[in-house]
Amino acid sequence: MRIRLLLGISKHASIAMILLILVLLAYSSTSTNRMNGDLALAGEIRSNLAERLIVMNEFYIRREDRARRQWLGKSNLLAKRLAQVSGMFTGAEDQEILLEMMKIELQAQSIFQKIIDSGEELPGSGFVSDNAEEYGKMLYSQLLIKSYIQRDDARRIEEKRFQDLAMLRNISYWMLSVALGLMVILVLVNGFLIERILSKGIKSLKEGASRIGGGNLSYRLAVHSGDEISEIAREINRMAGALMGSLTSIEKLEREVSRRQAAEEQFRNLNTELEERIATRTAQLEASNKELEAFAYSVAHDLRTPLRSIDGFANILETDYVKGLDEEGLRLFAVIRSSAQKMDKLINDLLEVARIGKTDPVRTQVDMRSLALEAFRICVECEAMTDFVCIVHDLPVAMVDEVLMSRVWSNLISNAIKYSIPSPVHKIEISGWTADGMHVYSIRDYGVGFDQQYVDKLFGLFQRLHGSEEFKGSGIGLSIVKKVIGRHGGTVWAEGRLGQGAIFSFSVPSERGSK
Amino acid sequence: MTDSRQVDILLVEDNPNDAELAIRALRKNKLANNLVLVKDGEEALDFIFAKGQYAGRNIDDRPKLVLLDLKLPKIDGLEVLKSVKSDPRTCLTPIVVLTTSKEESDVIASYKLGANSYIVKPVDFDKFLEAVRELGYYWLLMNEHP
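Chain order of the listed sequences is A and B.
All residue numbers for the first sequence refer to this note's numbering, where the first residue is 1 and numbers rise by one.
All residue numbers for the second sequence refer to this note's numbering, where the first residue is 516 and numbers rise by one.
Calculated from the structure, these hints are not laboratory results.
It should be emphasised that the depicted structure is a prediction, and the values quoted were computed from it without experimental measurement.
Don't be surprised by glycine CBs; every beta carbon is placed ideally from N, CA and C.
Honestly, I wouldn't trust all of these hints.
Not the full set, but computed from the structure, chain B residues with beta-carbon under 8 Å of chain A [claimed, not checked]:
#1 R539
#2 R542
#3 T615
#4 S632
#5 Y633
#6 I634
Where chain A lies over chain B, by a calculated footprint (3+ residues, C-beta under 8 Å) [stated by the list, open to error]:
#7 526-538
#8 589-603
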């Protein structure tokens, strides 16, 4: 505020001073004009007196009437001027001089009248008495003296005017000088003050700005007075505060970013570690798979060899040495042979379960209905059960491995037939539908059924819910079914009630590739 | 067994029980008249190529049929098959692989190496008899030998 105030003072004071100077100039100009007029008047009076003196001399010498009239005219003019001047020049000294001049004028007029009068007493033609001549000389001398006095007076008045004029001029010069001087001083002082405030303020602003710009955002400029610099300083302080605030939030953001980067890095490391671990495990798994394959191979090969011997030699005994054996002996040989053959079947089934787990299904469009019908036909032939009825509804076509899927159908259908034999109802119903992206197939029988609480044991390897005396089978069939359906990305489930039959269902994805 | 007579069957089998059963099955079908049994792959190659203990044999007296087990000591069956079938002197000898292995890889490898037939020995002796009878009739009686 102070700078603007000072600038305002400078401006207004300068305007005031200029106005004052103008007034002074106008005043001095009019005064000078007036005084010049006065001077001219005084000069006119003085020259009038001088001219009248000349006219008087002429008249004195030549006594001409023209000269007399001129003198009178001049005198009248003089009287008029004097009267005019006495109204104008009111100073005491002027009045005194003027009064004296008027008094002398009266005397001069009366003397000139006397001179005229004496001339008329002595008519012209150059013939004048001595006495009269003397008298004339005396009058003339008197008049001459009076004229000189008047001339001096007029000069004094004129001098006075000169002096007044000079004085006016002096006063005018002096006052103008004072006004100009004051103005200059004011402007200088103001300028100095402004310069001091500005230089100090700018210095502190510059220092503060460079410090804040250099990164020291906690630095604050000193705010002392209420001038504009202080306002700027306050604004800079506020700006630094805001900057510090935003810098703090940027720092927070950067911290957050680096924290996230670290987390991401950690995540990536964990991922890599996990992948390495997966690779290791996969390698281990592959190795153990290989081992298992080798094991299965040797099982297939080596376990069957003694079995073949058992069966073969028992057969030879049975056929070639039948004479030494009674009926019981023959039965026992039959038991040996059937046990050996059952073990062979077990080994074969086990190998098959292993093989299904090893190979990927080869998917093609398979007509499930004809596959099911074919499986039923083969089963019925095997079991020699011609009185069985199989109702196969429309079944959805599926993308599955045909060979594996025919194993599923034949296992489920042969189970259904097997467990229906003791029941009076020899009927199987096969139906299918599509729901939730899965084809579902179910096989219903009206056989002996099973207790639902043991349903979990149905699909386990070698698990049986019925005695092997009652129903033959290795206990592997449903394991194979479960494995095949699992390889296709589907599920198997069963519902049953003792004495009321069972429903076995399985599902496979309705679209290829969707698991 | 190393007489100068024509050999009908060379049986390559290391398991004596299996060998006996096979011979019995052949005899039952009256096919085991001129049969030679060798117990490992090395002996089988010695016999076929007439070297080692069979050096006196004429290599051109080819057996009418070789019954070859795959799992053998010293040199296994597939190598024997490869050696016989890749040699021009012996490549025409009919070889039937007679083994317990049902492994697909073994079946494919055998046929690729030139096996004339591949038979899995069944555990059921009755079925084995049947199988031996059929193959014997085919290779020894029906087949025209070069």
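Now for the hints, and whether the structure bears them out:
| no. | hint | result |
| --- | --- | --- |
| 1 | R539 | 6 Å, holds |
| 2 | R542 | 11 Å, violated |
| 3 | T615 | 5 Å, holds |
| 4 | S632 | 19 Å, violated |
| 5 | Y633 | 15 Å, violated |
| 6 | I634 | 13 Å, violated |
| 7 | 526-538 | holds (count 4) |
| 8 | 589-603 | violated (count 0) |
Taken one by one, the earlier hints fail for this structure at numbers 2, 4, 5, 6 and 8, listed in ascending order.
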